[in-house]
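S.K.: Chain by chain, the residues:
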Amino acid sequence: MKRLFFLFFIFFKIGLFTLGGGYAMLPLIEAEIVTKRGWINKKEFLDLTAMAQAAPGILAVNMAVFCGYKLCGFWGSVASALGAALPSFGIILAIALFFHNFRQNPTAARIFAGIRPAVVALIAVPVFTLWRSAGLSWKSAWVPALCALAVWKGRFSPAYIVLLAGLGGWLFCRREGQ
Amino acid sequence: MIYWQIFKTFFKIGLFNFGGGYPMISFIQNEVVFKHAWLSNAEFTDIVAVSQMTPGPVGINMATYTGYAASGDVWGSVAATAAVCLPSFVIMILITRYFLTHRQNASLQAAFTGLRPAIIGLIAAAALVLCDGENFVDWKSAAIFAVSFFLLFRLKLGPVKLILLAGAAGWLLY
Numbered sequence: 001m002k003r004l005f006f007l008f009f010i011f012f013k014i015g016l017f018t019l020g021g022g023y024a025m026l027p028l029i030e031a032e033i034v035t036k037r038g039w040i041n042k043k044e045f046l047d048l049t050a051m052a053q054a055a056p057g058i059l060a061v062n063m064a065v066f067c068g069y070k071l072c073g074f075w076g077s078v079a080s081a082l083g084a085a086l087p088s089f090g091i092i093l094a095i096a097l098f099f100h101n102f103r104q105n106p107t108a109a110r111i112f113a114g115i116r117p118a119v120v121a122l123i124a125v126p127v128f129t130l131w132r133s134a135g136l137s138w139k140s141a142w143v144p145a146l147c148a149l150a151v152w153k154g155r156f157s158p159a160y161i162v163l164l165a166g167l168g169g170w171l172f173c174r175r176e177g178q
Numbered sequence: 001m002i003y004w005q006i007f008k009t010f011f012k013i014g015l016f017n018f019g020g021g022y023p024m025i026s027f028i029q030n031e032v033v034f035k036h037a038w039l040s041n042a043e044f045t046d047i048v049a050v051s052q053m054t055p056g057p058v059g060i061n062m063a064t065y066t067g068y069a070a071s072g073d074v075w076g077s078v079a080a081t082a083a084v085c086l087p088s089f090v091i092m093i094l095i096t097r098y099f100l101t102h103r104q105n106a107s108l109q110a111a112f113t114g115l116r117p118a119i120i121g122l123i124a125a126a127a128l129v130l131c132d133g134e135n136f137v138d139w140k141s142a143a144i145f146a147v148s149f150f151l152l153f154r155l156k157l158g159p160v161k162l163i164l165l166a167g168a169a170g171w172l173l174y
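Chain order of the listed sequences is A and B.
Going by the numbering used here, the first residue of the first sequence is number 1, and it counts up by one from there.
Going by the numbering used here, the first residue of the second sequence is number 1, and it counts up by one from there.
In case anyone wonders, no lab produced these hints; they're calculated from the structure.
Since the structure is predicted, the reported quantities are computational estimates derived from the model, not experimental observations.
A couple of the hints might just be wrong.
Claimed, not checked - Derived DSS-like pairs: lysine-lysine, alpha-carbon spacing no greater than 30 Å straight-line:
hint, chain 1, residue 1, chain 2, residue 2
1, A, 153, B, 12
2, B, 161, A, 13
3, A, 36, A, 13
4, A, 139, A, 153
5, A, 153, B, 8
6, A, 36, A, 2
7, B, 156, A, 139
8, A, 153, B, 140
9, A, 70, A, 42
10, A, 153, B, 35
11, A, 42, A, 2
12, A, 70, B, 12
13, A, 13, B, 12
14, B, 161, B, 140
15, B, 156, B, 140
16, B, 8, B, 35
17, A, 70, A, 2
18, A, 13, B, 156
19, A, 13, A, 42
20, A, 2, A, 13
21, A, 43, A, 70
Isolated chain A, as found in the complex (with noise of 0.2 Å):
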């Protein structure tokens, strides 16, 4: 019960202050668990995490998840999964609460007429930087081309994409390794 409670807290801790998602949230949930408390030791973290990221879902979700089971089994994960989750929609909602009519105000009008494309340069960028940290070729730039090109102007689902891709990768390696 005590252990509960403490994931409860530490996950919730971790929700309320980290900017910037999961990948920001790995270094402080390895502090909390595996460094101060070692609860879980660091291979076996290294490996859950990988893991964690390759699962589809919320990063630090799945990593809240996996910390409550390995701990206290069903129960710890559904106390960790909420402390992660509480912060954040407790705080989205009271600014969506507040926020959502604000919107037509003029001066909040004119700040996100400044947000807006900054917003899209925010997404644009990752494309170049994992396109750099994937290593990949210009002889392999249709598929990220097409797949965008698809959901774009296509309006295919991206669901369609991630199973179509996923199959794909794994014929093309079985025949590559023959």
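Add chain B to chain A, keeping to what the hints say.
M.R.: Chain B alone, transformed into the frame defined by chain A:
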């Protein structure tokens, strides 16, 4: 029933989203702006901005806000947030329980050789969809975009600082 619609939509997003917050923008956009038309492109862009600036996982932030905006009340947020977490929950428990030994699973690695470039494409699509007349009203918007791109890409500015700067620029320019 709007809540059931929201729940189904976000469950699907939670189940198929790979690679974190940025590809999730493309998923939510496809469902919420194109398919259900719950939000306009500009409203959605504002939600992305708010989600990046507030603490916590960006995926939860976007789900909570989009759920609220789509239904107009708190229950839409509850439905969206619960639904987007549920697949993670089930999948991660199964993985922690059964699949730990298959860590360097060859098929999974193989699937990811295809997924990685596709995810880059999804993020690009999200950015391209947002390049419309609602977000780019004049040359000033284009200038803000260009400067933001430079600050992020070359000078590695953080998203919160960027949004604050862009907000100040908007206030001064418009």
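S.K.: Broken hints, numbered, in rising order?
M.R.: Hint check: nothing fails, all pass.
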